[in-house]
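These protein sequence lines are chains A and B, in that order.
Under numbering that gives the first Met the number 0, the residues of the first sequence are numbered 0 to 398, in order.
Under numbering that gives the first Met the number 0, the residues of the second sequence are numbered 0 to 398, in order.
Incorrect hints may have been included.
Copies of the same chain look alike in the list, so a pair counts if it fits in one copy or across any two.
[To be verified] For lysine-lysine, the following DSBU-like pairs were computed, each having C-alpha atoms within a straight-line distance of at most 35 Å:
| id | residue 1 | residue 2 |
| --- | --- | --- |
| 1 | Lys344 | Lys14 |
| 2 | Lys387 | Lys60 |
| 3 | Lys60 | Lys14 |
| 4 | Lys227 | Lys387 |
| 5 | Lys60 | Lys227 |
Simulated from the structure, these hints should not be mistaken for lab results.
Remember, it's a predicted structure, so these values are computed and weren't measured experimentally.
There are 2 protein chains.
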Amino acid sequence: MSLQEIFASRMSRMKASEIRELLKLLDQPDILSFAGGIPDPALFPADAFFEACGVALAPDKQAQALQYSVSEGYLPLRQWLAEHMAGLGVPCSPDNILITSGSQQALDYLGKMFLSVGDTALVGAPTYLGALAAFNAYEPRYDQLNPEGNRTAESYAEAAGVGRVKFAYLSPDFANPTGETLNLAGRERLLALADELDCAVIEDAAYQALRYDGEPVPTMLSLEIARKGSLEDCRTVYCGSFSKTLSPGLRLGWVVAAQPVISRMVLLKQAADLHTATLNQMAVHQVASTMFEEHCADLRKVYGGRRDAMLAALAEHMPEGVSWTRPEGGMFIWVTLPEGVEGSKLLARAIETERVAFVPGAPFFADGSGTNTIRLSFSNSSEADIAKGIARLGRLLRG
Amino acid sequence: MSLQEIFASRMSRMKASEIRELLKLLDQPDILSFAGGIPDPALFPADAFFEACGVALAPDKQAQALQYSVSEGYLPLRQWLAEHMAGLGVPCSPDNILITSGSQQALDYLGKMFLSVGDTALVGAPTYLGALAAFNAYEPRYDQLNPEGNRTAESYAEAAGVGRVKFAYLSPDFANPTGETLNLAGRERLLALADELDCAVIEDAAYQALRYDGEPVPTMLSLEIARKGSLEDCRTVYCGSFSKTLSPGLRLGWVVAAQPVISRMVLLKQAADLHTATLNQMAVHQVASTMFEEHCADLRKVYGGRRDAMLAALAEHMPEGVSWTRPEGGMFIWVTLPEGVEGSKLLARAIETERVAFVPGAPFFADGSGTNTIRLSFSNSSEADIAKGIARLGRLLRG
Numbered sequence: 000m001s002l003q004e005i006f007a008s009r010m011s012r013m014k015a016s017e018i019r020e021l022l023k024l025l026d027q028p029d030i031l032s033f034a035g036g037i038p039d040p041a042l043f044p045a046d047a048f049f050e051a052c053g054v055a056l057a058p059d060k061q062a063q064a065l066q067y068s069v070s071e072g073y074l075p076l077r078q079w080l081a082e083h084m085a086g087l088g089v090p091c092s093p094d095n096i097l098i099t100s101g102s103q104q105a106l107d108y109l110g111k112m113f114l115s116v117g118d119t120a121l122v123g124a125p126t127y128l129g130a131l132a133a134f135n136a137y138e139p140r141y142d143q144l145n146p147e148g149n150r151t152a153e154s155y156a157e158a159a160g161v162g163r164v165k166f167a168y169l170s171p172d173f174a175n176p177t178g179e180t181l182n183l184a185g186r187e188r189l190l191a192l193a194d195e196l197d198c199a200v201i202e203d204a205a206y207q208a209l210r211y212d213g214e215p216v217p218t219m220l221s222l223e224i225a226r227k228g229s230l231e232d233c234r235t236v237y238c239g240s241f242s243k244t245l246s247p248g249l250r251l252g253w254v255v256a257a258q259p260v261i262s263r264m265v266l267l268k269q270a271a272d273l274h275t276a277t278l279n280q281m282a283v284h285q286v287a288s289t290m291f292e293e294h295c296a297d298l299r300k301v302y303g304g305r306r307d308a309m310l311a312a313l314a315e316h317m318p319e320g321v322s323w324t325r326p327e328g329g330m331f332i333w334v335t336l337p338e339g340v341e342g343s344k345l346l347a348r349a350i351e352t353e354r355v356a357f358v359p360g361a362p363f364f365a366d367g368s369g370t371n372t373i374r375l376s377f378s379n380s381s382e383a384d385i386a387k388g389i390a391r392l393g394r395l396l397r398g
Numbered sequence: 000m001s002l003q004e005i006f007a008s009r010m011s012r013m014k015a016s017e018i019r020e021l022l023k024l025l026d027q028p029d030i031l032s033f034a035g036g037i038p039d040p041a042l043f044p045a046d047a048f049f050e051a052c053g054v055a056l057a058p059d060k061q062a063q064a065l066q067y068s069v070s071e072g073y074l075p076l077r078q079w080l081a082e083h084m085a086g087l088g089v090p091c092s093p094d095n096i097l098i099t100s101g102s103q104q105a106l107d108y109l110g111k112m113f114l115s116v117g118d119t120a121l122v123g124a125p126t127y128l129g130a131l132a133a134f135n136a137y138e139p140r141y142d143q144l145n146p147e148g149n150r151t152a153e154s155y156a157e158a159a160g161v162g163r164v165k166f167a168y169l170s171p172d173f174a175n176p177t178g179e180t181l182n183l184a185g186r187e188r189l190l191a192l193a194d195e196l197d198c199a200v201i202e203d204a205a206y207q208a209l210r211y212d213g214e215p216v217p218t219m220l221s222l223e224i225a226r227k228g229s230l231e232d233c234r235t236v237y238c239g240s241f242s243k244t245l246s247p248g249l250r251l252g253w254v255v256a257a258q259p260v261i262s263r264m265v266l267l268k269q270a271a272d273l274h275t276a277t278l279n280q281m282a283v284h285q286v287a288s289t290m291f292e293e294h295c296a297d298l299r300k301v302y303g304g305r306r307d308a309m310l311a312a313l314a315e316h317m318p319e320g321v322s323w324t325r326p327e328g329g330m331f332i333w334v335t336l337p338e339g340v341e342g343s344k345l346l347a348r349a350i351e352t353e354r355v356a357f358v359p360g361a362p363f364f365a366d367g368s369g370t371n372t373i374r375l376s377f378s379n380s381s382e383a384d385i386a387k388g389i390a391r392l393g394r395l396l397r398g
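The following block holds chain A by itself, in its conformation from the complex:
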């Protein structure tokens, strides 16, 4: 008897990450790790959360904080988010907002809502590997999204075969893993393509608040509202997250979309986990409404300095034939190694001989290409460790 033999067909696509076991070793204190895409815990507004949980669990609120609540999410938080989104060029009401347990959950629900087996999802190459993991459960095929290229809607539609193109997924600002930002012309082209394909656009805005320089580019959703006149006529679904700004451990994200989309996502959430923890929503509401902008400004100073330190160290230490992105925000720099140098093999050697770590790039490609790429995260290392670690990596690559 083995239950694995009766698993659903989708389970064949749910694979353990090959590098996950390796990354578990990175707790060793002598390793300088640029692997995890995680915020620096020293920057969490922990005292504010201590206070906010105290308020939510005080006698007048505790019954609410510990009780079941509605699947849509805590209304004061949705009201705060509606104002926040208005500031991003997205006028909306709380009825356009669903609270999710992190934006990862939004990706799962969007896959669930749109993808029948064999439908096509358009994704970048590379793209966020957590998005591929979320979508894989619904057994799509993938096609390559390239808003800076010339492929026609017809070509995408023909390639989709018996299924159809259901959505284009992208993280337009400081994307994981590349750190790159899609420019205004690319955003407009993508919206036009989505109109031609009659598909949704999933805008993953996880890093949007972390811009260190350059001019902000309007969100995909705000650009589509400008084209169509109203959020209710838009095909863009915006996924926000507090994980990179306030705290990932509280698992708080949100979705903004036309009401018929949100109301169906509410049904999915009700069926899948009832609602996001009430206490967490109340605490995040209090912290966000008192200090969100000011806290993000502090983060930008620190993370921006770390990005500068990593770019400077790369320029100093990388040998010829190695290139990298110059992100205006976020947490990541994407490095392309010389043809034939494999990121995964380099990682094994980097840990063994230089005690430095990163994430190999291949898992970020739906088609398994990109073996000569790696992702470096600068968010959770001091500038001194960044200088030291990149020097080690350079030594290894010159080696």
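Please arrange chain B on chain A, whose structure you already have, making use of the hints.
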């Protein structure tokens, strides 16, 4: 343009509950509601959670409480649960345990793991409607589970058609909605049937800690371990929840199963929401490890008294032709009305004329039958309100 037109086929099965809108009206203070299956918030261990969140967010722990954590769940909580399960006749290790965001999430992941389109899920008639909602997303067919009946494995397998029977789902103790408990012989018959069908058994133990009288019946999983010798050879997946004992608003549940099942569910969780909120796991660990048994004993006293009050009131006020269950625990009594009296129509009249509410029974049947049934919850009403409300309901039914 309407995105609904490109939704996945599963969305046609995700329907808003007809009674949900009606139940939203029940906040009116003059209505005596036996509708929601929710704990009494006055019984939450709120001071203990206030203290536990303070501990988790104190300077030495806050970086961990607010940071990303592993998909499996917080190890000290899994260790506590392993001991707790041993006390229920299920010796296991933390590697046999996955922490979920409520047991509703476990049902979603189990549907996802086992069900391809057209596979069969065996469910009671009636059964927990949230289980039907979770499974519906994976487009199964349903067949009726009746461990006290005589249907053979062959008959189930034949009826399954092109798919196959993947699991039997049940809540063996004080089930939602009936309050009934499956006896030992029924549990053994079900395990034998599952062996013949080579399918999984999903044991939803949400109410198990709330037994008010009678002898505990061993869990399905402990009975299967006794048959097979080891948890690793078992096909039963046990789903536990803190929602009915400590707090539903923190969204904390757990799954216990053979390691290959847990490791695949970990992949699903990683892809779907990364992990359950770290702070919540730390707080529940502290509260559970200091007061779980003692707190459950307090709950049993209060809820047991309310069950007694409702049974007494039903005996006093119900007219002839109305029957009901006599649960040994949980939160619910299930009432069968005379043939032809529709629960949903009765509800409309009950709210309108008698200011009393309950949940109509039909949504708890996968096939939409059971129109002459209703579910009463006694958990969130005082004994005095129970006496008054059941008197009103009796007046209406005699009316």
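Structure versus earlier hints, numbers of those that do not hold, lowest first: Numbers 4 and 5, in rising order.
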